[in-house]
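Protein chains in written order, with this note's numbering: chain A, 263 to 606; chain B, 263 to 606.
In short, the hints are calculated from the structure, not lab data. A quick note: this is a predicted structure, and the numbers were derived from the prediction, not measured. Heads up, a few of these hints could be off.
The list makes no distinction among identical chains, and a pair is therefore deemed to hold if it is satisfied within one copy or across any two copies.
List of simulated lysine to aspartate or glutamate pairs, EDC-like, C-alpha gap at most 20 Å [stated by the list, open to error]: (1) K423 to E556; (2) K423 to D469; (3) K374 to E390; (4) K459 to D548.
2 protein chains.
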Amino acid sequence: MKVRVAVNGYGTIGKRVADAVRLQPDMELIGVSKTSPNYEAWSAVKKGIKLYVPESEAERFKQAGIPIAGTLEELFKQVDVIVDATPNGVGAEYKPKYVELKKKAIFQGGEKAEVAEVSFSALCNYDEALNKNYARVVSCNTTGMLRILCTINSKVASIVKARGVVIRRAADPKEVKRGPINSIVLDSVNVPSHHAKDVQTVFKGLDIITTAVVVPTTLMHVHSMNITLSSNVKREQVIDALKNTPRIVMVQSKKAGITSTAEAIEFVRDLGRYRNDMPEVLVFEDSVYVNGNELFLIYAVHQESIVVPENIDAIRAVMGLASAEESIKITNATLQIMKGSLIE
Amino acid sequence: MKVRVAVNGYGTIGKRVADAVRLQPDMELIGVSKTSPNYEAWSAVKKGIKLYVPESEAERFKQAGIPIAGTLEELFKQVDVIVDATPNGVGAEYKPKYVELKKKAIFQGGEKAEVAEVSFSALCNYDEALNKNYARVVSCNTTGMLRILCTINSKVASIVKARGVVIRRAADPKEVKRGPINSIVLDSVNVPSHHAKDVQTVFKGLDIITTAVVVPTTLMHVHSMNITLSSNVKREQVIDALKNTPRIVMVQSKKAGITSTAEAIEFVRDLGRYRNDMPEVLVFEDSVYVNGNELFLIYAVHQESIVVPENIDAIRAVMGLASAEESIKITNATLQIMKGSLIE
Numbered sequence: 263m264k265v266r267v268a269v270n271g272y273g274t275i276g277k278r279v280a281d282a283v284r285l286q287p288d289m290e291l292i293g294v295s296k297t298s299p300n301y302e303a304w305s306a307v308k309k310g311i312k313l314y315v316p317e318s319e320a321e322r323f324k325q326a327g328i329p330i331a332g333t334l335e336e337l338f339k340q341v342d343v344i345v346d347a348t349p350n351g352v353g354a355e356y357k358p359k360y361v362e363l364k365k366k367a368i369f370q371g372g373e374k375a376e377v378a379e380v381s382f383s384a385l386c387n388y389d390e391a392l393n394k395n396y397a398r399v400v401s402c403n404t405t406g407m408l409r410i411l412c413t414i415n416s417k418v419a420s421i422v423k424a425r426g427v428v429i430r431r432a433a434d435p436k437e438v439k440r441g442p443i444n445s446i447v448l449d450s451v452n453v454p455s456h457h458a459k460d461v462q463t464v465f466k467g468l469d470i471i472t473t474a475v476v477v478p479t480t481l482m483h484v485h486s487m488n489i490t491l492s493s494n495v496k497r498e499q500v501i502d503a504l505k506n507t508p509r510i511v512m513v514q515s516k517k518a519g520i521t522s523t524a525e526a527i528e529f530v531r532d533l534g535r536y537r538n539d540m541p542e543v544l545v546f547e548d549s550v551y552v553n554g555n556e557l558f559l560i561y562a563v564h565q566e567s568i569v570v571p572e573n574i575d576a577i578r579a580v581m582g583l584a585s586a587e588e589s590i591k592i593t594n595a596t597l598q599i600m601k602g603s604l605i606e
Numbered sequence: 263m264k265v266r267v268a269v270n271g272y273g274t275i276g277k278r279v280a281d282a283v284r285l286q287p288d289m290e291l292i293g294v295s296k297t298s299p300n301y302e303a304w305s306a307v308k309k310g311i312k313l314y315v316p317e318s319e320a321e322r323f324k325q326a327g328i329p330i331a332g333t334l335e336e337l338f339k340q341v342d343v344i345v346d347a348t349p350n351g352v353g354a355e356y357k358p359k360y361v362e363l364k365k366k367a368i369f370q371g372g373e374k375a376e377v378a379e380v381s382f383s384a385l386c387n388y389d390e391a392l393n394k395n396y397a398r399v400v401s402c403n404t405t406g407m408l409r410i411l412c413t414i415n416s417k418v419a420s421i422v423k424a425r426g427v428v429i430r431r432a433a434d435p436k437e438v439k440r441g442p443i444n445s446i447v448l449d450s451v452n453v454p455s456h457h458a459k460d461v462q463t464v465f466k467g468l469d470i471i472t473t474a475v476v477v478p479t480t481l482m483h484v485h486s487m488n489i490t491l492s493s494n495v496k497r498e499q500v501i502d503a504l505k506n507t508p509r510i511v512m513v514q515s516k517k518a519g520i521t522s523t524a525e526a527i528e529f530v531r532d533l534g535r536y537r538n539d540m541p542e543v544l545v546f547e548d549s550v551y552v553n554g555n556e557l558f559l560i561y562a563v564h565q566e567s568i569v570v571p572e573n574i575d576a577i578r579a580v581m582g583l584a585s586a587e588e589s590i591k592i593t594n595a596t597l598q599i600m601k602g603s604l605i606e
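Use the sequences and the hints to build the structure in full.
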């Protein structure tokens with residue numbers, strides 16, 4: 263019998279998780295919630311996804327001619343697990359409802375860590391989320407950072423400390439009200455930025471300090487990471503480890519002509535990937551530089567899609583459906599997630 | 263008797279250096295060179311600056327109705343020192359002419375270090391340039407980095423290593439043919455970026471590794487710098503040292519509402535600064551963070567104007583006109599360069 267899933271919130275993350283759930287052999291998407299009758303609601307309807315709306319909004323959807331299947335509570339009652347993809351902080355407001363209905367829930371990284379029993383990153387701590395009721399998939403930047411850090415730590419050498427700079431995209435492609443347009447904005451001005459603390463919710467006790475700026479782009483985040491290891495390593499060891507890890511892809515910039523986020527996204531557009539998503543962490547292979555026991559690397563994180571496979575794995579973990587290895591394998595196969603080299 | 267100065271190249275840097283020379287009590291601007299009869303040539307004419315052009319271009323200037331004072335060679339022959347502000351790499355092509363005419367010259371950071379006898383940063387190595395024939399003022403990013411690094415090294419604690427990330431503006435405000443528009447571009451993909459090597463032309467032997475990306479803004483560069491010191495230091499020591507150093511200003515972000523390059527430039531626009539230039543390094547005070555013997559700070563570098571005071575000091579150094587202290591004092595006073603806090 264398939265696990266019955268609801269997605270609460272059908273925005274950037276929610277719509278992608280909903281699509282991903284529909285591709286899983288062991289899951290069934292019962293429906294999604296939507297609060298405003300906009301183009302994204304229409305896209306759900308056109309794809310045959312059932313829409314559930316707050317009672318107070320039902321009339322607006324009716325007037326807009328968008329068919330609805332019921333109320334949020336009716337949706338929640340039908341399912342085993344709810345993926346909460348509501349805006350930052352709203353998940354915490356919904357939590358009492360999930361508790362009341364005795365439903366498991368997966369929250370997103372925009373929520374505080376305290377909302378869940380465990381913060382989750384599939385390559386790092388899948389097992390900690392097994393059979394829990396509430397898990398929180400860390401944010402896009404943290405997910406990207408953790409995939410890299412956990413891989414280096416477990417396959418190359420243990421990490422003494424990590425020092426990273428996050429260059430954040432300002433807005434998602436669909437957003438029309440965010441900036442900056444012509445500025446580099448410190449986010450935050452205080453050091454460390456919140457990313458370091460968020461990494462520590464999963465990779466406990468790691469000595470990590472991050473800084474972050476926001477820049478006027480929409481395509482991907484970029485991290486410049488400097489990792490001090492417990493021993494000297496060879497560049498080839500690092501590249502081998504990264505190439506053999508799922509959800510990480512390497513690009514040889516000179517060979518591919520890819521030295522930027524724009525070119526990376528154009529490549530996956532050309533491949534015909536749905537929504538030109540890139541849920542893999544993209545490591546610029548030429549940037550991998552080893553200086554004794556210090557490792558430098560630069561990678562890009564697609565903010566819209568990187569957490570989607572982690573949400574699917576989190577569902578399996580809290581439902582106790584599969585081991586980490588099994589779940590990651592199914593998720594990667596169904597979502598056609600690459601590893602190794604972006605081009606060959 | 264005043265030192266007679268020519269500025270070869272009247273672009274972003276050249277026009278600013280020319281203006282700055284005119285403000286010095288011990289210098290006289292004889293003229294500037296210009297190769298195309300565009301709006302910048304007109305601005306020189308309107309300001310009463312004499313234009314000298316390559317013989318081959320004289321006819322074009324005549325047709326455009328722009329009065330010229332003579333040829334480049336005629337300009338060079340009249341002066342004691344030439345500030346070469348021609349495009350990257352063109353300075354090296356002019357050098358044989360300067361040598362032939364036995365004229366001292368100041369080159370810019372776009373030239374290779376080998377073009378000159380000494381790479382120059384006033385706060386670091388003024389004395390090395392004394393009475394030399396050829397000095398090279400390092401680039402804007404390197405100038406900003408060196409002001410910070412030399413100050414920390416001499417006033418706080420000696421630097422064991424520096425690890426920096428440069429977030430570069432894509433174009434100057436006047437440029438209409440450069441990008442990116444919506445991308446974060448690695449520059450270069452290889453680590454370290456050239457900035458580390460350029461710092462070492464002045465701060466010899468420093469253990470420094472930098473990475474760099476280009477982002478779609480025009481206002482200022484931003485550096486996120488992580489410095490390991492030879493001993494533990496207090497945050498207050500660092501702030502005191504920076505506040506007491508000329509050409510560095512601190513901004514308290516919360517007090518001023520300045521957390522970005524856009525807000526910083528708007529402030530100096532509001533102050534009525536010519537061309538809204540900010541030749542000081544702008545350190546975000548809230549970003550100064552000390553972790554044992556590690557120092558983190560984030561600062562902004564105004565690419566169009568930061569090297570202007572260094573060009574003026576380089577003239578005095580190669581002409582043997584003044585000591586470092588004297589020159590820096592005169593330059594700061596005439597150019598109204600701030601230190602301490604941006605707002606008080």
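Tested hints:
no., hint, in the structure
1, K423 to E556, "both (10 Å within a copy, 12 Å between copies)"
2, K423 to D469, "both (5 Å within a copy, 18 Å between copies)"
3, K374 to E390, "within (18 Å within a copy, 55 Å between copies)"
4, K459 to D548, "between (29 Å within a copy, 18 Å between copies)"
Consistency with the previously given hints is maintained throughout, with no hint failing.
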